[in-house]
Amino acid sequence: MVGACSFYFFLYNVWFERSYPMLSEAQEKAITEKKRPTNRKEEGAALLNLLHPQHADEDNRVADELYRKVRILCWVMTGPYNLQSKARHVKATWSRHCNMVVFMSSVKDPDFPTVGLGTKEGRDQLYWKTIRAFHYVYEHHADEADWFLKADDDTYVVVDNLRWFLSNYTPELPIYFGKRFKPYAKQGYMSGGAGYVLSKEALKRFVEGFRIKVCTHTTPIEDLALGQCLEKMGVLAGDSRDTLHRETFHPFVPEHHLTGKFSKSLWYWNYCYYPIVEASQVFYL
Amino acid sequence: MTEEDHHHHHHVKAPSKEELRSLSDTEMQKLSKQIEVYCVIMVQPKLLTHWAAALDTWSKHCDKSGVYTSENSKAFDAIDLNEKDNWTRLRKALKHAFDNAGDLRWFFVAQPTTFAIIENLKYLLLTKDPSEPFYLGKLMKSGELEYVAYDGGIVLSYEALKRLVHVFEDKDKCPEHVGALWRLNEDKQLAMCLKYTGVFAENGEDIHGKGVFNSQSIYTLIKDSMNNNPTNVLEGCCSDMAVTFNGMSPNQMQVMMFGVYRLRPFGHDFHDVLAFYPPEGSDND
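Same order as they appear, the protein sequences are chains A and B.
One point on numbering: in the UniProt record's numbering, the residue at position 68 of the first sequence is 68, and numbering is uninterrupted.
One point on numbering: in the UniProt record's numbering, the residue at position 140 of the second sequence is 140, and numbering is uninterrupted.
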């Protein structure tokens, strides 16, 4: 049987590029009526998913059990100009499978809702946003989750596959996972675009690192800077590949990974920590 | 023709849960093994990349495929009908398919821009008798004529094809060469010829009455649904049991294969009562 849910994500990568798209009448109506699924609860700026989403014909007892045992808080890096074009779709789709989701923006938006990190927008603000986002999540929700995932507003996450993978580890371990890159850090670092996930202990150490000034805002290159901070704080860069050594975190769109041939001169080859296996992958992040 | 009244309904629905429950296990296994589809794929060298994609992806799930081309191509093997006219070519292909059907009792006609999920087609046809005339797909209406849209895929039972091949001999009812004045698209021509034999077009639907044959791409359908049903995009879009989509690029077809057949969220089980396996020894996912 075919589940239509998986296909939604392709669309906004292909279609939505403008920052302020024209909304249809039906869409305008839906926004003003504030139609929200009733199995979601707002806790400040965080959205708690009370019920694990389920398809009418499926038996997801196993997924349900994992939902209880492996609690994931997802925070999504977004901005005021991307709320309607991108973040809204993350909110409507995969983020419903996180135990909790928080949308992080430079500016607070009580309606969406988003947290206001008090930064400006722009690529050079990424690490500032990341630092503040993780601090916010630690201060407000540290006890409500075991793992803390960062995703962009154009990332798609198959959260149940992430849970299965993380169930092999405990949140007390200082470890983090993502698409591992080689250069600039001894143990490598995780690509920002592909999304990365920190254990509770790793998050604790990240925050601690800033308190004791071992970590500071060194560079706006968010993924590298985070990787270097975590390395200093003794957090391990984990291996997220499946049992056949295929990657599970992907920095590009599925079409590219499935059909593109990565040119040998492309930076990608030199960055990948593990050898690139050009074949279909099992799960996709 | 006594069966005429029997087939004067306009939609053909997939079997309901009750219908399936009334069958014994052995009956179900027997039905699922018996149902075999002959794919009639109408290609052209100018659509070479789509031709390649169809060969590499969904057509591997057909029990038998006949690839019929308008002219020879050095790239791939195909049955060269050496015929530029679309209608004549379709006639020749269908006649050839009928003569070479062997034990196969269902025929699925597609163009290379169509993406098909053969297992869902088999599910739709599971409890239908191919010795009765079935002609189904996406039902369209042009004036008084009801026909099946070519680009959504056309399904013919053995009986329907048998009658069609017979009426091909009748130059009045079903001429091969139609003068420019009376020329219709080949899917309408097909409908007219079949009508003379007492076979009428029907819409293929799932148990909820949603059409399973689509003449548009998944992207277009989702985009329309986002505009028309913003709070319930997937519900408003397509059937979970969709059989066809049209107008996708070769790369997008590869992504579809990944999404439909490989990508799985861990812990979700549909407990399908049936499985349709690909032919023995086929190079298949």
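FYI, nobody ran anything at the bench for these hints, they're computed from the structure.
The model shown is predicted, which means the values in this text are computed figures rather than measured ones.
We treat Cβ as the ideally placed atom computed from N, Cα and C, and that holds for glycine.
Be aware that one or more of the hints could be misleading.
Unchecked claim - When the alpha-carbon atoms are kept at most 30 Å apart in a straight line, the in silico BS3-like pairs for lysine-lysine are as follows:
{"#": "1", "chain 1": "B", "residue 1": "Lys-92", "chain 2": "B", "residue 2": "Lys-17"}
{"#": "2", "chain 1": "A", "residue 1": "Lys-108", "chain 2": "B", "residue 2": "Lys-13"}
{"#": "3", "chain 1": "B", "residue 1": "Lys-223", "chain 2": "A", "residue 2": "Lys-41"}
{"#": "4", "chain 1": "B", "residue 1": "Lys-188", "chain 2": "B", "residue 2": "Lys-128"}
{"#": "5", "chain 1": "B", "residue 1": "Lys-210", "chain 2": "B", "residue 2": "Lys-223"}
{"#": "6", "chain 1": "B", "residue 1": "Lys-33", "chain 2": "B", "residue 2": "Lys-17"}
Claimed, not checked - Partner residues are not named here, just some residues of chain B that face chain A (Cβ under 8 Å, in silico):
{"#": "7", "residue": "Thr-49"}
{"#": "8", "residue": "His-50"}
{"#": "9", "residue": "Ala-275"}
So, going through the hints one by one against the coordinates:
Annotation: proposed proximity of B:Lys-92 to B:Lys-17 is violated, straight-line Cα distance about 39 Å (limit 30 Å). The suggested pairing of A:Lys-108 with B:Lys-13 is violated, with an alpha-carbon distance near 50 Å, which exceeds 30 Å. For a cut-off of 30 Å, the pair hint linking B:Lys-223 to A:Lys-41 stands: about 28 Å separates their Cα positions. Restraint check for B:Lys-188 and B:Lys-128: satisfied, since their Cα atoms lie roughly 24 Å apart, inside the 30 Å limit.
Distance hint between B:Lys-210 and B:Lys-223 is fulfilled; the C-alpha atoms sit about 18 Å from each other, no more than 30 Å. For the proposed pair B:Lys-33 and B:Lys-17, the alpha carbon gap of about 19 Å is at most 30 Å, so the pair holds. With its C-beta approaching chain A no nearer than about 11 Å, B:Thr-49 sits outside the 8 Å limit, and its interface hint is violated. For B:His-50, the suggested interface contact is broken, since its CB lies about 14 Å from the closest CB of chain A, more than 8 Å.
A distance limit of 8 Å between C-beta atoms decides the matter here; for B:Ala-275 the minimum to chain A is near 10 Å, and the interface restraint is violated.
Hints 1, 2, 7, 8 and 9 from the earlier list are contradicted by this structure; the remaining hints agree with it.
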